[in-house]
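Chemist: One letter stands for each residue in the lines below.
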Amino acid sequence: MLLKNNSKTAEKLLAGGWEKQFTRGEPRLSEMVDLFESIGREVQLQSAGPGENYFRKECESCFVSCGNDQKTIWTRVKNK
Amino acid sequence: MKYVAGIDVGSTYTKAVLLSPDLKIAGRAMDLTGYKLNKIAEIVFDRVLKNSGVKAEDVGYVLATGYGRHRVSFSDLTVTDLTATARGVNYFFPGTLTILDIGGQTMKASRLDERVKVKSFRLNDKCAAGTGAFLEKTARYMGYETEEIGALVQTSKEEVSISGVCAVFAESEVINQLSLGSAPADIMHGAMSSLVRRALQLLRRVRMEAPVALTGGIMRFPTMASLLEKEINQKINIPEGELVQFTAALGAATLARKQLDKKTLNAA
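Residue numbers (this note's numbering), protein chains in the order written: chain C, 1 to 80; chain L, 1 to 268.
In short, the hints are calculated from the structure, not lab data. Since the structure is predicted, the reported quantities are computational estimates derived from the model, not experimental observations. Just so it is clear, CB atoms sit at the ideal spot from N, CA and C, and this is done for glycine as well. Mixed in with the good hints there might be a few duds.
[Said to hold, decoys possible] Calculated lysine-lysine pairs in the DSBU-like style (CA-CA distance at most 35 Å, straight line):
(1) L:39 with L:235
(2) L:50 with C:20
(3) L:55 with C:78
(4) C:78 with L:126
(5) C:4 with L:230
(6) L:235 with L:117
(7) L:24 with C:20
(8) C:20 with L:263
(9) L:119 with C:4
(10) L:36 with L:235
(11) C:12 with L:119
(12) L:235 with L:263
(13) C:78 with L:24
(14) L:235 with C:8
(15) L:50 with L:137
(16) L:55 with L:235
(17) C:20 with L:137
(18) L:262 with C:4
(19) C:78 with L:50
(20) L:36 with L:137
(21) L:36 with L:230
(22) C:78 with L:39
(23) C:12 with L:230
(24) L:126 with L:262
(25) L:117 with C:12
(26) C:20 with L:235
(27) L:39 with L:50
(28) C:20 with L:262
(29) L:36 with C:78
(30) L:262 with C:8
[Unchecked claim] Here are a few chain C residues that face chain L, going by a calculated C-beta distance under 10 Å:
(31) 12
(32) 22
(33) 27
(34) 36
(35) 38
(36) 39
(37) 42
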């Protein structure tokens with residue numbers, strides 16, 4: 001399930017022991033998710049599209065022109 | 001005993017390494033990746049065979065890595081470039097615990113355990129800002145080719161402050177600095193320092209621990225390596241000369257050796 005991009009989501013994730021990793025688009029995104037899972041971490045994806053925590057203003061034109069498939073990876077150690 | 005090969009289809013360059021049965025580097029080849037990923041993998045593989053005088057039928061296992069690894073139709077197996085780089089670094093510097101790898105479009109920091117397994121890692125966020133693309137664009141805006149970056153920056157007398165690492169905005173920053181009379185070498189020096197600051201952030205986030213090794217195409221510029229060494233403030237290991245660009249391909253080849261040995265054992 002893709003989580004919404006707002007500060008409440010981030011607060012909940014942090015409270016649940018999740019750690020924000022980084023934001024990527026495909027094809028790297030799926031590869032990184034696999035890699036995190038292979039080192040024993042649970043993964044959740046948060047939308048990085050328009051929302052409260054969108055990219056810096058000067059970066060917007062790049063991301064608009066490149067499409068909107070960027071997602072932020074959150075992870076935590078399994079069974080936490 | 002057969003030879004084994006590792007092929008790293010990176011975003012900018014595709015590299016191949018051939019390992020002899022006694023784990024010596026028998027040959028290596030490299031070319032620009034372009035967009036025909038399987039084709040370039042074939043070209044580079046053929047070249048490494050030709051360079052080393054080894055026949056294709058004497059290669060028992062091919063392992064592909066890099067972002068284009070799934071497109072290498074003739075590979076026996078694929079692994080992520082993080083895993084391959086870890087193995088490649090271990091070939092040169094056993095016991096390495098932290099790796100910084102700066103390629104054409106990615107910057108990766110990873111922490112390894114004693115068994116050379118990736119324990120944690122970080123990638124540059126969102127785009128190619130702070131990667132080799134940033135240095136390439138900065139050089140191009142000043143009329144220099146990528147291969148001239150190393151020699152250019154070594155003539156720098158004074159670093160010019162470059163605030164960002166965005167390859168797009170580098171153009172306006174470079175033009176502004178040139179109009180102020182700054183020397184291209186000093187601007188390039190500033191661009192490298194900016195990249196180093198970004199790299200240190202990633203290294204801190206993976207909780208860098210010595211021994212540290214640096215790899216990737218950017219590390220072939222000695223100034224980049226010395227700036228990082230100064231900031232990290234401890235001895236760092238870097239594969240010698242051009243080998244710094246072949247670390248992932250080499251790591252893939254060492255994993256190919258293991259796979260071939262396993263296969264041979266199972267068949268016996």
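Chemist: May I ask which of the numbered hints given earlier this structure violates, with the numbers listed in increasing order?
Modeler: 1, 2, 3, 5, 7, 8, 10, 12, 13, 14, 16, 18, 19, 21, 22, 23, 24, 28, 29, 30, 31, 37
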